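Engineer: These are the residues of each chain, in order.
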Amino acid sequence: MPTEVDSLLPLNPRAFYILLSLAEEERHGYAIARAIETITGGTVRLTPGTLYPLIRQLLLDGWIIELGEDAHDPRRRRYRLSALGRRIAQAEARRLDALVRAARSFDLLPASSRA
Amino acid sequence: MSVIGVLARAALLTYPADFRAHYRDEILADIEADPSRALSQLFDLVGGAITMRVDTIARDVAYAVRRLRGAPLFVGIVVLTFALGIGANVAVFSVLDAVVLKPLPFADPSSLAVVTSIDPQKDVFTALSPLDAQDIMTHSHALVQVAASFFRQPTLLLHGRPYALDGLQVSSNYLSLLGVRPRLGRAFTAADGSAGVQSAIISDQVWRERFGADPRIVGRSITLDGAAYRIVGVLAPGQLIAEGGRIRSEDVLTVLPAHPPAAQRGERMAGGVARLAPGVTLQRANAELKIVSADLARLYPDDDKGWSFFVQPLRTLALGRAASSLWVVFGAVIGILLIACANVGNMLAARWSSRDRELAVRRALGASSGRIAAQLLIETALLATLGACFGIALAYGALHGLAGLVEHALPRAGTIRIDGMSLLYALIVVVVATFLAGLSPLLSLRAMDLQSVLKSAGRGGDGSRRHRLRAVLVVLEVALAIALVTISGLVLRSFIAVIDTPLGVDSAGVVATAPVSLPSLGALSAPAAGNTSLQNDVLHRLQALPGVQSAALALTYPVGDMELESPAIVFGRPYPHGKPPLALANAVTAQYFEVFGVHPILGRAFTGADTANSASVAIVSRRFDQVYLRGMNPLEARIQIQTGPTQFHWAQVVGVVPDERIGVGADSDAASLLPEYYAPLAQLPQPFFSAVVRAPHLDPPIAGREVDGAFAAAMPLTPAPATFTIVQRIANDTQEARLTTILLGSLAAIALLLALSGIFGVVSFSVTQRSREFGVRMALGATARSIVGDVLRRALATTAIGIAFGLIITAFAARAIVSQLGAVSPFDPATFTSVVAMVFLAALLASLQPAWRAIRVEPAEALRYE
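Top to bottom, those sequences are chains A and B.
When we follow the working numbering, the leftmost residue of the first sequence carries the number 1, and every step to the right adds one.
When we follow the working numbering, the leftmost residue of the second sequence carries the number 1, and every step to the right adds one.
Since the hints were derived computationally from the structure, they do not count as laboratory data.
All of these numbers come straight from a predicted model, not from anything done at the bench.
Backbone N, C-alpha and C define an ideal beta-carbon position, used for all residues, glycine too.
Among the hints, erroneous ones may be present.
[As the list claims (entries may be wrong)] Not close to chain A: a few residues of chain B, all C-beta gaps over 12 Å, as computed:
no., residue
1, Arg208
2, Thr223
3, Arg623
4, Asp790
[Stated by the list, open to error] Not the full set, but computed from the structure, chain A residues with beta-carbon under 10 Å of chain B:
no., residue
5, Gly29
6, Leu54
7, Ile55
8, Arg56
9, Gln57
10, Asp73
[Claimed, not checked] Stretch by stretch, here's where chain A covers chain B in the computed footprint (C-beta under 8 Å, at least three residues):
no., segment
11, 18 to 24
12, 29 to 36
13, 40 to 54
Please build the complete structure, drawing on both the sequences and the hints.
Structural biologist: The following block contains the structure:
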């Protein structure tokens, strides 16, 4: 059943990575960029010129929430996922999961890629 | 601070201020945290700013599109207003650019000048003699080159068929003086003017149409007016040539003799062009020419005494008149654009102030006033661009439709087109119009005080003084519209009256030709036997054509080219004051009256038996009978037929026919009212004649080709004359009146539509401003009818004031153009009442939608904010 959230999909991959990195725990901007680098094995790197405009947009759209200054570094602010942001990230993950399953059924991927 | 830090701070400046304020510290911290990738981070930073700005614009555009979709009427009226303002601008600019702004198509055109002779006693400028041109060149230092030209219309004989060409006979230095380089072959050289085979240069068009674009044309021999010429060059496509102060395209150029006979010194009939030496001013050239002419007067006192020369810039002579009127028209369309922008400004202000609360809330939530202004400007730019697209289409259509009509009205009209310059101009106009139209709503937004808007819900965002200004603008627009629509209505009526004036004959199914000149006709007096048989040959061929019921040759015919005024002398009737009265004379063959479906009122028509050797006869028009033969039996009268300056014979009147109208258009009044008499063509021979045939069941073009064929067969060495129906002929003769009517009509339509959009804008705005008041009144029990009545009353009161002013302007303007109105009264009541009714009705229509909006204000909604 398509929900209102589904109409926002597919997400900009970078936005999805930001949501992913915040799903685990609240982070500040620099930590988000680091986390994404780790998740993607260094293939996706968000520099300040791409990161902060996206963060601002996600804030304006209400997908993430600004929490205030970081305890260790007062220059930085921390962010966390909003309930809406979490639902959207989940919906995107489901969409991708369905895609991957479809790819398997057409033998584009091995049946099990756990290895 | 590190270098990286400085660069990063600089890169941050490319971001919007609010973003910068919020994220600067974090971004700087991030960059410092990762110094190894500082450079790529800096590039990304700038890239991010660009992306963000483009994104914002894209969002604003999408937002504007969404909002505009919901208001089709508003969009329609604004786009139409912009389309008119921008379209008129693009059209007029394209004409101005092609005719005036683009440099003349010659090398270094600013040093080109026109030389004329001047007779100080008469103070008259006349043409030059080619010998003078040569002498000026020899004696003058200020003019490095001087060249002369004559009009020449040679007949090109090709494969046994004659073609009429327009051309010039020019000095051999003519083209090199102008800097015109042929596309094939070469320009004339001094050797071309000397003895031997003569040289000719043909236009690209003649090269294509007559010689199949033969690439080996140069060197080929052609026959012009029976003499052999060798083609030495082909002009570039569309190449224009200056002839004196005119600029036009020519079919063929030939060379003047290098040494004109000395006897031609006094024949001042050539156009003269010259090139000024580098750095020489016109004043110096003219001063020098005074000395040269004094020298020539001493050398050739018989021909040159008292004469002098005068040089003027080619540009001034060729384009001056067109330039001054086009600049005026350009000023007018700028005015139209300003009015259009003011109207759109009103409509935008109405629309955006109705969003006062939404905007105030958004601003309170942090949207900067710059962002809101950007949104307003983007919406306006979107509308202006849309308007420009329609406007350019309108301009294209207008220029296309009027091309034939302006062809003879403007120099180099053939080069008018909507090109890159026109589109660049359109772009500039869109930008300017966006800011002009956005100005008024921007000011309203700025004046909007956040607190008061939130509190009082925008009851009085706009001062009443500004509102009065808007009303004054509308009054002026309505007045202008009334004046223009009425004037163009009057002109249209007089134009229709001219076209519809009865010719007095049945011209349906009649095809006529332009006048044909007889080859080598000697003295006008003696009816040359050869020409009579030639004319008979043409006539018989015409009469034998399939589908042709009757055919005749005539000196002239209704709406024909020729008018021969002749004394009207009746045998035995002395004329008063020693000077005979005038009549129109026409020389026709037997079937002339049959062709035009005219039956004699009295007596008979001409027959084949009325020849050069039979008794002299004449037929008179009814008016001739009434004016000159009053009190006598016309069939017993004899009138004098003048066959030459001193020769005449007396002709017996054998018939009276109804009046026919000869002239049309501007010259239709005086000449066409003259009494007319007819003589058989054989008894009153003419150097020119036209043919008229009645072929009611033939397509006019087919009939025209048949007539051409008959002429070609009878006169193979003469180009066949142009053929046309009488209706086409009237259309041709009234081209100027038609152009005036069309231009005035379009101006009037534009003025009317602008007045309407003005009324719509102002009424919309005032309804928006008073929506609270209307809500309250409705809540207090006012009926919808009383609210609508209130809105309409105010709108129509403004319109009525405009109409009153308009009528006053019209009264003055109509008196000024009374001479062009012919039979139509400048105060024609039908025109005046219908225009006033139309404008009133239109104003009513323009105010209906806003009035409807007024009664849809929810009383509860309105009161909530009280």
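Engineer: For each hint, tell me whether it holds in the structure or not.
Structural biologist: How the hints compare with the structure:
no.	hint	verdict
1	Arg208	holds (59 Å)
2	Thr223	holds (78 Å)
3	Arg623	holds (86 Å)
4	Asp790	holds (44 Å)
5	Gly29	holds (5 Å)
6	Leu54	holds (9 Å)
7	Ile55	holds (8 Å)
8	Arg56	holds (6 Å)
9	Gln57	holds (8 Å)
10	Asp73	holds (7 Å)
11	18 to 24	holds (count 3)
12	29 to 36	holds (count 4)
13	40 to 54	holds (count 11)
Checked against the numbered hints given earlier, this structure breaks none of them.
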